[in-house]
Structure formats: structure tokens, C-alpha cells
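Kindly produce the complete structure, drawing on both the sequences and the hints.
Note that the protein sequences, when read in sequence, are chains A and B.
Just so we're aligned: 282 in our numbering is position 282 of the first sequence, and the numbers increase by one with no gaps anywhere.
Counting from 1 along the second sequence, just add 1000 to a position and that's the residue number in our numbering.
Computed beta-carbon distance windows for the label pairs: (1) A:Ala143 to B:Asp1262: 49 to 59 angstroms; (2) A:Gly134 to B:Gly1382: 19 to 29 angstroms; (3) A:Gly134 to B:Leu1115: 24 to 34 angstroms; (4) B:Gly1354 to A:Arg82: 51 to 61 angstroms; (5) A:Thr64 to B:Glu1442: 44 to 54 angstroms; (6) B:Asn1233 to A:Leu130: 36 to 46 angstroms; (7) B:Cys1195 to A:Leu130: 13 to 23 angstroms.
FYI, nobody ran anything at the bench for these hints, they're computed from the structure.
Glycine residues also receive a C-beta, built at the ideal position from the N, C-alpha and C atoms.
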Amino acid sequence: MNAEASMNNVILQVDHLSMKFGGLVAIGDLSFQAKRGEITALIGPNGAGKTTVFNCITGFYKPTEGMITLNKRDGSTYLLERLPNHEIPARANVARTFQNIRLFSGMTLLENLLVAQHNKLMKASGYTFLGLFGFPSYRQASAESIELARHWLEKADLVDRADDPAGDLPYGAQRRLEIARAMCTGPELLCLDEPAAGLNPKESAALNDLLMDIKNNTGTSILLIEHDMSVVMQISDHVVVLEYGRKISDGNPQSVRTDPRVIAAYLGVDDEEVETVLTEVGDEDVIEQLDTGPDSAHGPGNSASMMAGPVSDSVEHADEGERVTVSKGASKAAQVDARAASIGSKPQSAAKPAAKSSAAKASPKKPAPKASAAKAGSASKGKETAAKPTAGKPGGRK
Amino acid sequence: MAATVSSERDTVATPVQRAFREAFYAGAISLGLFVLFIGLRTDQNISNELILVQRWLLLAIVVIAVTVGRFLYVAYAVPAMERSKAEKGAAPAVVAQPGFIKQNFNRIGLVILLLYPVAMVLLFGFQGSLKWVDNFGIQILIYVMLAWGLNIVVGLAGLLDLGYVAFYAVGAYAYALLGTHFGLSFWILLPAAGCMAAFWGVMLGFPVLRLRGDYLAIVTLAFGEIIRLVLINWREVTNGSAGISGIPKVSFFGLMSFNVSDPNYIAKVLHIAQSGAYYKIFLYYLALALCLLTAFVTIRLRRLPVGRAWEALREDEIACRSLGINTTTTKLTAFATGAMFGGFAGSFFAARQGFVSPESFVFLESAIILAIVVLGGMGSLGGIAVAALVMIGGTEILRELDFLKAVFGPDFTPELYRMLLFGMAMVIVMLWKPRGFVGSREPTAFLKERRAVSASFTKEGHG
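In C-alpha cells, the structure reads:
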């Protein structure tokens, strides 16, 4: 365990984060880490709760339970769940972008980037009073802020349009501008909510370049929600997979790509398998508290294949309390786990753990035998769900 | 309708041909419609019997008017409009150089404002100029100041405030009460009234921070009413609906006074003839100075981070929070700054009238100020000044239209139609320029060149 040594390298530590909306559990007991200077991707089917995680990190939601720790470069530590919304970017230096672009569309590109430097300029203008009388200190700060804005406009390849209204830009450029605006706040952690959504392959490639440039040249760590696998697999160093608010996988892109639970979550499992899994597992412990994301626009239904059961029963009221849970079999990852468990308990060696260990072999960091041992351990327990943090925690595997 | 169908069916016909046909249809339809409405009228004769009065001439006039009107519209007006549209469409390749007046609008406006009282005195003499300087000049300038103050809240920060007149009232009563009871000078009470109004702006701001849009508008409306009702009912302090009279006049920075009985009366000091016009002219320049102060502060604030934050707040509040802007203090500063200028205007108003009563601070005032801001184009100082000139000057000038009696007979009183014309003018302006007189937004900073931002991109804010 090199947890202590790596603490300095961890910029964001999410511990047992839960977010409930009334009875709806959007995120259930989620724990993961983002390392400094790395690009961490948060992926998962629609409605998995990725954006809710972002909203908790950036203070738009106050989490129901859990702790979100941010370690800044200078050694100071912030508990993000306790900071007011606007202080998270201001003091903890966490910037974010939005899934549906939120630019100041009536202001020019330059103005957008100047608004992002609000707190710095506010101080320089003596909280307006010095600036009102035109003190030179403010003029200098103002010129510096324009230079910073020009720097990021150049990075985002938008400098030619600096004096146009932001609402006039094409979609891809608006995405880049939003990233540039977030970078103008001088963040240590940049949270990007689907930056590649709606971009064509060329724009996606340009986005990759921009993000790699940010990572390599500014030391800003990036937390990324993305559906575009070409972006995720190419640039991210670490991938966390969510399904129904639970973490189902965590590791480097290679291992995640071959994780059967991830494949199941995205593609579903075969029809016959569902039946066997359900009959084999058949009890509530396996799939307790598996829940949908809060985002009704995306809904849980279209998360993956229809094979797991009818969409209509994916959200229903359970008997105890007002907790809303997803019906049995909704979580594809849990099915795979349960199936692996049932096979693992049988004498003959299972196909899935074998695949797992071979996947683990591909990644240099994890010795294969240990990984398979960990897998076997979790398999022998039988009832453990994939979403439980112990199963996927990197420390647990090492 | 036959006319529209036929115009879509064949576009090959020349406009005149089509006009003939459409005019014929229009005439036929109007004949069919009006033959019973206009051509025949039921009436009573002397022995209370129902009789039919035939009015064929009137019917013919109406039908002919419709026919000719349709003919002219289709044959000449439509092609002319299409031509001008096509010309406009072809033009933008050449960047139109704005005319001299447009380029130097602010400078010309300022010179006119500075020379206005002098011109009035030269034209009408001291006594004759009173009406023009006081009723028109000062009145309009007060509204310009109020509208510029409200512009900070509504136009920049996008917070819809229907109770702005409350701050006007706070300023006016602050000067009236402190001036009459403690005899403090206008020059001390002007900032005091501004601070008082700003304080109440913050007091209003706190509870409404969480409200947006319609809800915010309703609460601010209620706030305006609360202030007015307090002024009416708190008789011990405000003297109720009777109001406060005998409010001291403004002095010329304490050097000269405008009270005839004072030893340092301006006419005595300067050895000129007595006249009430001096005070009005002085007040005019004072109002102008206060207006310019408001404009200066607004322009400066827009280029400071706080002003940009206001505009960003109007565009997208959530994005503001994601950039570390404290939306609470930003909203409160907008309320406070707007209210402060309302307070300045209020204390000036009290000094000018010499009398305040709750009558002056009814909801209609809030509505007029808001209408000026919206008509002028939200966020634009020049547009708002023009709107104030049109709205306030327009309603005042409607009092002057006695010559209309010659047209409509001696029973016609143009004053009665003031508000009707006012409303019609507003509807027409909003149809013609839905974003107000000045629909574009001037950016606060630029890298290469300053280009106005079209209003189609800016948002009105959600409150």
C-alpha cells in the first residue's frame, strides 16, 4: 500500500459520496480518486449520475453523504462539500464547464474570459472603489487580464473572433471557448462535462490537443465526463465507470475497456444470461439500492440494451420507506458480477475471471495473480455487488 | 381571404394587374360586410317607431376607400417595400459609415442640453422660459436619471424591478424630513438620501435574492406599495397624504440663496433683477450634473469587474457561480447602486417641488420608468435618454396641442387623449423596434476593434 506516499499526488479524493433526491438515490456510496496532473475520465451510460457527481464536486448540489477532498498544490486542503458554491472556483480553484454550453452569449469572447477573472480583477480594482476613480493599479491588472484572455483565445484558436459575441460562434468553437473561460479562472482541477458532445471527428481531435496541452503545460488536472470513447481512450490516464450511481470499474483505459462489467453496462448481457443470472442471484442484497441518475431528460431506460428487462420497471417504489430503487436486473454490471460469482462458486474455472486476469495482465501496474486473486475473493463472497467500492478500489487490488 | 390566395397563386402578374384584381375583391368583400353595418341603420322616428335609415353615400365612400387603399397598397407600397428590402440585403457588403449625427450623438446631445436654458431664455424671456426649463427640461432630466438608475438593475443585471419608485420616495422623504426638521443643506442630504435609498435597496435585495423573473417582479411591486402605504399611514412622521411642504430650496453651494428674503439672495449678490427663473435654471444645470454623474458612474462600472459581473448575471447566473462570482453580493450591489441613483433623483425632486406627498410615488411612476428603460433599449444610456425625451416630453407636449381644437371643435380636449396616444406610441415603437431604440450592446473591452453586439444575442435576464 503506497497510499500515504501517493496522498500528495491525489488532487481530488471522493469518499463515500451519496446524493439522494427525495427517495431517488442518484449516487450511492461512490469513492474514487483523481491524481494530480492526470486526466481522469468519468464514464457511464446515460443517467448513471456522472453530472450529479460533477454538481456535487463543484458545489451546485450539496451531497447527502460523503466527503470530497481537494488537495491544492500549495498543500492546503479543502472539503468541497462544505464550501459555498461560488467559493469552490474562487478558493479551491476548481473550474467546470457544462453539458449544455453556458456562455454569456451576449458578451464578446474577450468579455467572457474577463468575467472568468472576476475575483482577481475585483481585488485589483479595490472592490470597485479604486477602479471607479481610475487608479493605475487597476489599469495594469486590467491589461494583464486581457493578455491572459488573449493567451487562452490563442490556445483555443479563437483569437480572430475575440470581439464577436459568444452566441455567434459555431458549436465546436463554443465548446472550446467554454474550456478557455474555465482556464482563465486559473484552476488546479478542471471539470469538463462532455466537452466532445456534438463535435465532429476533426473538432474532437482539436479538443484532444487542447486538453493534452492544458495537461502538459499548465499542470492543471482534468476530470472529464465523456461519451466519446475516442476522446476517453486517447487522452485519459485513469477511467472511472459509473452505472446507476455506483462505481462499476476503475482503472486505466485498457483495463476498463475489457472489463466485462463495463461491457455489460454499455452493451447489456445476452437474454438467456439475464434469466440465469436473475434466477441464480434472485435476492435483494445483490441489487439493493441500485438507482437511476437524477437526470430525467436522459432517463435510466436508454442506458443500455433493452435485454435487461422492460424499461417501465426500471424505477419503482420499494416497500420500505420512500426509497426508489431500480428493479432487479436493471444493472447490467451487477448481473455480470452475480454471474461470475455463481460460476466462480462452481468447480470448473470460469470464463469471466479468466478474461479479467488477462485484462489485468495487459496493465503493467497490476500483477496478474493478485488481480485474479482479488477477483476470486470477491467472487467467492458471491453476493458482493460490483458497485460496492471495495471491489473496484485500486488499493484493494494491489 | 381571396386577396392573399390570389397573390400566392400567380406571381407572374404585374403588380398593377394584381392590384386591380385584389382591389376588386377587397371592394366586393367590404361591400358585402358593410352593406348592413353602414348602409342601413335602425333608428326611431318621432313617434317612436323603428325605421331604417339608408346611408348609401357613406357606404360608397367606405367601399371606395377600401378598394383604393388595397389598390395603392398592392400596386405601390408592397413593391416599394420589397425594393428597399432587396437594397438593404445587397448593401451590407459596403460598411455603412454612420452619419455625422450618429457618430457624434453624445457630444451634440450634451451641447444641446447645456445651451437649452440659454436658448429658452433668449426665445421666451425669463418668465416665458420657466415652463420650458422646468416642465420640460427638469422633468425630463429627472426621468433620465431615474431610468439610468433603473437601467443598472434591469438593463445590466437583468433583475426586473417594478418597485423602483420606492427608492425615489425614500430619497425624496429623506431630504424632505431631514431638511425641514434639522435644516440640513441639500449638499449634505443629497449623499445621505442616496445612502438611505441604497440601504433600502439592500433591504429589498436580501429577501428577493432567491427569486427570479415574474416572482421577483411581484415582490418588488409589493415593496413599492409597502413604502407608499407606510408614507400614507405613518402620519406622525410623514404627515400622511397631506405630504410635507416647505422643503428648503437648494442653495448655490451655500454662497448664494434663491430665497428672495435672504440677504444673500442671488439677485442682490449679483445686482440683477429679481426673477424666479434663476432657481429653475440652476436646478436644470444641477439635474444635468446629476445625470452626467449617473452616466459617468454607469459607464465606469460597466468596464469594472462588478459591471461585467452584472451583465454576466443577466446572461447566465449558473455560469457566473461556476466562475467563482458571488452572485449574492453582485445582485445586492446592483440593487444598491440602482437604488442610490433613485435616491439622488428623489432628493432632487423634493428640492425642486418644495413639497412631497405619497401621490407622487404611485405604481404608475415605476411603470413609466421601466417603460423608458425598455423603450430605450435595455442597457443603453443614449437610447434611454431618447426614450425619456419622447415619453415625458411627448406627454407634456400633448398638453400644448390647443390647435387641435380648431380641427375637432371647441369641445375637444387633447389632455384627455394623452394617455391613449402615449399607449399607442409605445405599442408602435415596440412593434417597430422590439429591442428598444438602441438594440445593440456596446462591448466593455476589445482586442482589435469595438463592434456592437446585436441584441439578438443578449438576454433579458431571468430576474
